[in-house]
Structure formats: structure tokens, C-alpha cells
Amino acid sequence: MSANREAQDSRPTTAEDPLPAQRRRARQALALPGPAAIEAPLVIETHGLTKRYGSRTAVDDVDLHVAQGDRYGFLGPNGSGKTTLVRMLLGLVYATRGEIRVLGREVPSQVHEVLPSIGAMVEGPAAYGHLSGRANLDLLDASGPGGRSGRKRRVEEALERVGLARIDRRPVRTYSLGMRQRLGLAGALLTTPDLLVLDEPTNGLDPHGIREIRELLIELNEEGTTVFLSSHLLAEIEALCTRVGVVDHGKLVLEEPMDSVRRTTGRIIVVTPDVDRALGVLGRAVVDRTESGGIVVAPPDGDGSHGLARHLIAHEVRLDALEPERVSLEDVVVDLTGPGDDRAAGSDGTGRNPW
Amino acid sequence: MIVVELRKLFRRPRTWVTIGLLCLLPAIVAAFLASTRITPPPGQGAAFLSAVLESGSLYPAAALALVLPIFLPVAVAVVAGDAVAGESTAGTLRYLLVRPVRRTALLGAKLVSVIVFVVVTVAAVAGSSYVVGVTLFGAGDPIAVVNAIPQIGGPGGGGSSSSSGSSSSGGTANGPAAAAPAAPGASPPAAGTPGTGTSTGLDPTEARDRAADSVSSLSGAPLSPGDLALRLLGAMGYITISMLGVGAIAFFLSTATASALGATLGALAALITSQVLVTLDAAASVTPYLPTRYWLAWIDFFRDPIFLRDIRSGVLVQLAYVLVLMVASWANFTTKDVAA
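Sequences listed follow chains Z and S, in order. The first sequence maps to residues 1 to 355 in full-length UniProt numbering. The second sequence maps to residues 1 to 340 in full-length UniProt numbering.
Simulated from the structure, these hints should not be mistaken for laboratory data. Since we're looking at a predicted model, the values are computed, not measured. Warning: the hint list may mix true and false statements.
[Stated by the list, open to error] Here are the in silico distance ranges between beta carbons for each label pair:
1) S:L24 with Z:I218: 33 to 43 Å
2) S:G127 with Z:G147: 27 to 37 Å
3) S:T257 with Z:R173: 20 to 30 Å
4) S:T104 with Z:D168: 55 to 65 Å
5) Z:R267 with S:T257: 37 to 47 Å
6) S:D281 with Z:R169: 54 to 64 Å
7) S:V286 with Z:D168: 51 to 61 Å
8) Z:T174 with S:V327: 34 to 44 Å
9) S:G138 with Z:P145: 51 to 61 Å
Ideal Cβ placement from N, Cα and C applies to all residues, glycine included.
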């Protein structure tokens, strides 16, 4: 736990807005640790970032910290300000207040110095519908810093990476959403970027495609690209990311390493066909039942899953599985964004709760 | 960036369809003229149409007069109105900007592509109609034709039709203003310019008779093919510059609105307003500054000698519009949130 991060949390502003308090409550309820110290240099850093559209506040006092090498999941429901924030990081939308540093440079004033090292896909892919995918990438590459000489190779490599190597000359308007999504990703990968900013990159992809993209992102990450990914899909973030930031109504309500979010609770889930027998054997150690019928057991201190297994087998309880209970990201997010937050009356007007 | 914008422009089917249609209209007119040999009387119908039977090499001028009032401004407004708003709607604008393309550079490249579009379109219309004209009417002798224009241009001169002795409706109908029937407010090129050296007081009927009667009765130096080509080039250049004003209006609106259609229609609305005001005597105080005020001054290239005053004013007005609106577009675009 770093001292200065903690100091930020207890700034005077917390008195007037309820959310940090809510965040602290949630952290206590879930016994979450505070934000871990970030050793790697920050790739994205915002301070008090705020964007207002008239009286509506789309992004509200956000302090974001994305470290080098992170796979950062930026999670929030539709309309929570994710896209506006992503656009501000890229200098497309100008902040009302606050500071942004990306790859060590001020945004938007120095954004042109860092954009060449950033691959981005913002709010869905876009292309010229009457041109082929290849022609689109060619135009995009020609608009960028790269010279003419390596263009064909860059385009082919990008297409190869996203699994579009064999596209023909059909115009993009005939593409499926999944193909467009891949093409958009290819556009972001024309150069191997230091930072990849992706807004909902797996929209419209089938499960196979989602896995492929996930593997691609992990591969790029291992080659040194920091991945900043926004999504409203919990599972996607959970499967891919090493750090998670949760945004709700424009405020960042959580920013944690995924490991500490998804930490074990110390309790163990027992899955068995002999439920009644097991309940009898375990007695007061049973604290809960899972939705699928598993038994949640709080073993006495020192008696881990091995002891529990021996104990159950000794009493002729057959075991299908025995696993440590983990806090799910969903629990965390629902706890942070749920209580006291009437979404139907929310300022985003959507009245939907995607979770 | 300019190359990229030009590739986008010319790889777009719409661009070629637009240019094709603009070339088609004069070709259709030419086909009718050639098959019937009935021309509008001089001063009626599109400018120069009455003359093209004598010389097909003058048909480019007639063709430009046909497309100038409506088709050409519409085409320019569509392309310029789409320039920024279209990319914004399609979402490609944000990808260009994060490539990164600087906003100022993008705007400049877009402006160049609009200019190139206008130049290519005007050249295509002139070129295709030259071929059509010479094929259907023969190269002929452009001398008399050229000199006939100021003769019939004089009497209809603007609001001073009463001095021509005919009714005011007759006066305007016979002036070159009527050369562009589709443009109700088109400005007569000779408006308020009695000193052009042409027969200002000539009765329109007489002018028509004389023009139709005998080409040899008209005065003026004969035109060599080179001279004609130069005059045509001058006219094409002037029309190009005239269209840039329209382009600049549409372009500015394109940075101000998210809708390409809105920008196009806004620019056309501005033009129609301008054309209405140009004919309105009550609006005389603003008339010289309206974008369409000097649109028809290109006809002055075919006077003998070339009458430059309105041409010069027209160029200045258009350049002023382009300059002011481009600065406004730039200020608007560079400070704007790209949220689409």
C-alpha cells in the first residue's frame, strides 16, 4: 500500500462526494486491500479528469493509473463515461478540467508525439464502406507516419495478426460485424504499439473470435505492449486483465490489481452428490450454499482443503470437487455500483443495469 | 495527406457519378439541338446556346452556363459538405486523428481535395462538351458568336430594363440573366455597367433579330482558336473560383454539424438566399458582397474586349468568402470534441 495513493484517497474532496465513502464501505465489506503500489512507470495517468457536457458530467474527477505492462480492464456500464474517457486519452475530446499524461506526455498538448506509439480502436470499428479492407488499411497507413516503402508489408502483417490474411477485394460494407472488428484491430496494429487502447474490442465476435483476440492481446502484452481495454463485459475483463478499473456514472470507483480483487476468501466450496450427508458431517462449518448447490465451508484455522477432504472421505462423502472460494469480479462490481444507486433514476437515463 | 484525400475522393464512385451526370446534361441538350436545329433565340435559354449551331467549339461555354446555376453548386456542396461531417458520421474521422493526422493538416488536405474536385469537374464538363459540340455542330467560326453575346447582354442589363424601352419582365427575360432560367436570382453580368462598349440601349427584340439575322453585322475582332481557348480557360478558372465560395460555405458547415446532408443543404440554402437578394433592389446595399452576385461575370470573358471589372470583383468576393470561412472552419474544427 503506497502512502501517497492512500493520501489521495483521503483528500478533502471525499467529504463532499459520497462515492469514495461508498468505495471505502465496499472495500471494508469485502475486506479488500487498498490499492497496491505500482512499481512500473505509468503509461496512462490522469489527475482530476473531468468532462462536462452542459450540466451533465460524463467523466467526474477520475484519477487513472495504468502501469507499463498492464493489461488494464476499464469496466463500466454503457453510458458510464468509458468512451468519453478513452477519447480524452487520445486527444479527440478535450477535458473540462484535469490533467492527462500518456506515455509521459501531456495530452492533448503533446498528443501528437505519443499517438504514433499508440494503437487505438475507439467505440467500434469504422472504415470506408466502398473500399476493400486492404484498401482501407492502406489509406490508414498512408495517413500515418510510416513511409510508402514498408506499407504493403505492414498492412499484410496487420491483417495476418487479426486473422484476415485471406480477405478478398470485397468492399467493407459487405463485411460482418466480426470482420469489421478484426479490421479495426488491424488498423490499431499497423505498427506494433507501445500502448493499445481498445474500446469494446470483442463486440460482434463469436466465442471463437473472442478467444482468438484475447490470445492476440496476451501475446502483444508479452511482447511489451501495454493494453488498455474498456468493456462492459465482466467475463472478458476477468479473463484477460491484470488490473481493473471500475467506472460508474463517470467516477472511478475501484482501481485494483485483478489478483487482489479476485483474491481467495479463505473459504472452500465443496461439490458433492451426497449433499445431506456432507451437511451432517460438516455441521456448523457450513456457512453458505452456492447457486449450483455447492457447499461453502469455512474450515477451522489450520485445517485447509487437504484436511477437509480427508475428513469428508473418512465419513464416506463422495467428492466431485473441492475448490477455494474466490471473490468474483461481479460481486465486487455489483457491490460498488449497486447499493444506493437507483439506476432507473440515474442521470445516464438508460435505466439499464447490464449487470 | 493531400494524396490520401485525393485517393479517397477519386476512389469514391459517387465522385464519378456526379461528374458523369454533370457532363450528361449538356450532352442531352446538344443532342436535342443537333437533331432539331431549333435554338433558343439569342438571349433566351442558356447563354451561348443560340450560338452553338454556328460554332460547336463554343459549346463548352454553353455547357458551363447550363450547369452553373444548379448542378455545379449542388455537386460542390455535396462534396464539400461531406468532407468533415461525412468522415465524422462514418467514424473514420477519429481513426484519422489518432493515426495521427493533425487537425489543421486534415482540414487543409480536405480543402485541396474540394478544390481539385471543382477543377476536375469544370474541366470534365468543358472537355466533354467540346467534343460533343464539335462532333454535333462542327468547329464552325466562333467570331460572330462571341461578339453576339454582349450585344444581347446590353439591353437586359439588370434593373435598368426600363431604359431599354421594353417592359421590365421583357428586359430581364432577354438579358443574360435569363440565360440561367433555373436560377431565378442570377445576376445579369452586365448589370449596371452601361459603359461596356456594347449597345446598351438596344431593343431586345432588335438585338435578337440582329443576332439571328446576320452574324456579319456584329462588330468585334475575330477570335483565333488560341484566343478562344484562352477565353474558355479564363471562364473555367473564374467558374472554379465562384464554386469555391459555395464549397467554403458547405465546408464550414461540415465542421460545424455532424450531418453531411445538413451541411450541404445549409450551403444551398445560403446560395438561394443570396440569389434572391441579388435581384432585390431593396437589398442593393449588400448585393456586392453576396456570393452569387458576380457568378455570371465569366460571360465577360467572351466580350470584346474582355470586360474585367466584374470578374475582378467576383474573384475578390469569392476569395474573401473562402478565406473567412476557412479560418472559421479551422477555429471550429481544432477546438472541437470529436465525439462521433
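Hints versus structure:
1. S:L24 with Z:I218: 33 to 43 Å: Given a distance of about 57 Å, which is not inside 33 to 43 Å, the answer is violated.
2. S:G127 with Z:G147: 27 to 37 Å: holds, 36 Å
3. S:T257 with Z:R173: 20 to 30 Å: holds, 24 Å
4. S:T104 with Z:D168: 55 to 65 Å: violated, 37 Å
5. Z:R267 with S:T257: 37 to 47 Å: violated, 58 Å
6. S:D281 with Z:R169: 54 to 64 Å: holds, 59 Å
7. S:V286 with Z:D168: 51 to 61 Å: holds, 57 Å
8. Z:T174 with S:V327: 34 to 44 Å: For T174 of chain Z and V327 of chain S the Cβ distance comes to about 41 Å; the hint holds.
9. S:G138 with Z:P145: 51 to 61 Å: holds, 56 Å
When each numbered hint is compared with the structure, violations occur for hints 1, 4, 5.
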